[in-house]
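Participant: Chain A is fixed; fit chain B onto it per the hints.
So the protein sequences, as listed, match chains A and B. The first sequence begins at 0 in numbering that gives the first Met the number 0 and counts up by one. The second sequence begins at 0 in numbering that gives the first Met the number 0 and counts up by one.
There could be a bad hint or two in this list.
Given that identical chains are not distinguished, each listed pair holds provided it fits within a single copy or across any two copies.
[What the hints assert, rightly or not] The calculated DSS-like cross-link candidates involving lysine-lysine, where the alpha carbons are at most 27 angstroms apart (straight line), are:
#, residue 1, residue 2
1, 192, 207
2, 5, 201
3, 111, 178
4, 163, 192
Everything labelled a hint here was simulated from the structure, so no lab data went into it. Note that the coordinates shown come from a computational prediction; the quantities given were computed from them, not determined experimentally.
For reference, the chains in residue letters:
Number of protein chains: 2
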Amino acid sequence: MISFDKIQFNNLEHRDRARLINSLAGVKPVNLIGTQNSDGVKNLCIVSSVVHLGADPALFGFVIRPDVVPRDTLDNLRVHPFLTVNHVHEDIVEQAHQTSARYEKGVDEFEKCGLKSEYIDHHPAPFVFSSHIKFAAKFLREIKIEENGTHFLICEITAVYCPKDALDEDYSLNITRSKTVGVSGLDRYLSLKSLGRLSYAKPEKPLKWISSF
Amino acid sequence: MISFDKIQFNNLEHRDRARLINSLAGVKPVNLIGTQNSDGVKNLCIVSSVVHLGADPALFGFVIRPDVVPRDTLDNLRVHPFLTVNHVHEDIVEQAHQTSARYEKGVDEFEKCGLKSEYIDHHPAPFVFSSHIKFAAKFLREIKIEENGTHFLICEITAVYCPKDALDEDYSLNITRSKTVGVSGLDRYLSLKSLGRLSYAKPEKPLKWISSF
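Chain A with its partners taken away, still in its complex shape:
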């Protein structure tokens, strides 16, 4: 067992500390966020901080770091509050990771990274054509995290798109069928294999594996 107290990890070289701390939470979801500015110039960025906030209303949040320059996604959402969230799957990992490069403001990352965009049902933000599971959302508001200048963005889901075979009968998504990936830290991509689904937990009642998929 290795341990780091606060003094020890604060004394690590800047990038080493970032790698250690960033990989602590465990596996993170990998999504591509599509936005556009008021002139219709598209932007795409990879985000590993999408977090479920509630189903009724259907809300999620995600984090925008203070030091992302240019900060196209946040700038776009402030003037045009519509976005798409697109799962990254095993066949588009490299293109998705490439969107994290610091392109100049106004550059269309879809084109630069080899990902085709599409518009669906008149939602005014671009989707990733090749993404299997994706959803449309409206940006509601941002919360400033004063401790480090980060922005936490709260958004409402307005439409959902998924392949038929990734939707179970009880409306849970099977994200292994869509080949959705995860990420650990900044750059380690992970494929997912289902261990199965566990029954609803109740005190003094044994759990059952209710599905092996």
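Facilitator: Chain B in isolation, oriented as in the chain A frame:
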């Protein structure tokens, strides 16, 4: 392709909508949060919303739902602002899931769910003994998400513990070596397999896979 607009997913039966919306973000990290009240009564709860906020200072957030009754974790942190975060791995999935049962207030979930607790380096909150990667933290403050009554808790990491073989030379954690799992939706547990690590992305520079582990 199946699609749901807002009217369609809002018309789903309550639990069906919860399953669909909760599984949209992709894979989520699974952690056990250990706390205790001012009398030293321990509490353990499973959380799939831990999100990295920054490395300097080392911050993370997580979500507490408004309808969790009793809400031991939040109640404990308000009077005793120390916690532990413990990765769930493949050998303790059932015990970890069992902590989501609604035990009465004051029940020690470690004991009820068959997980041994331990105290490390005088941190005043209990760790999960059998968890491989774990960290100590201090609760800083809560943000109320007015849209649905959810609480977003901001915490600072104060110590890190991990097995030697799960720490790469550059201080990134290899969470496949620790057999850390993920979850999709409420109950589908997922094992992780590394696809490799990708190089830092720069405009006009081809990416390289820098490690296959």
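Participant: Are the hints correct? Go through all of them and say.
Facilitator: Results of checking the hints against the structure:
Proximity of residue 192 and residue 207 under a CA criterion of 27 angstroms is satisfied in both settings, with 19 angstroms inside one chain copy and 25 angstroms between copies. In the homo-oligomer, the alpha carbons of residue 5 and residue 201 never lie at most 27 angstroms apart, since the shortest distance is 38 angstroms inside one protomer and 32 angstroms across protomers. For the homomeric pair residue 111 and residue 178, the shortest alpha-carbon distance inside one copy (24 angstroms) is at most 27 angstroms, but the shortest distance between copies (36 angstroms) is not. Taking the closest pair of Cα atoms, residue 163 and residue 192 come within 27 angstroms of each other both inside a single copy (19 angstroms) and across two copies (25 angstroms).
When the structure is compared with the earlier hints, a violation turns up for hint 2 alone.
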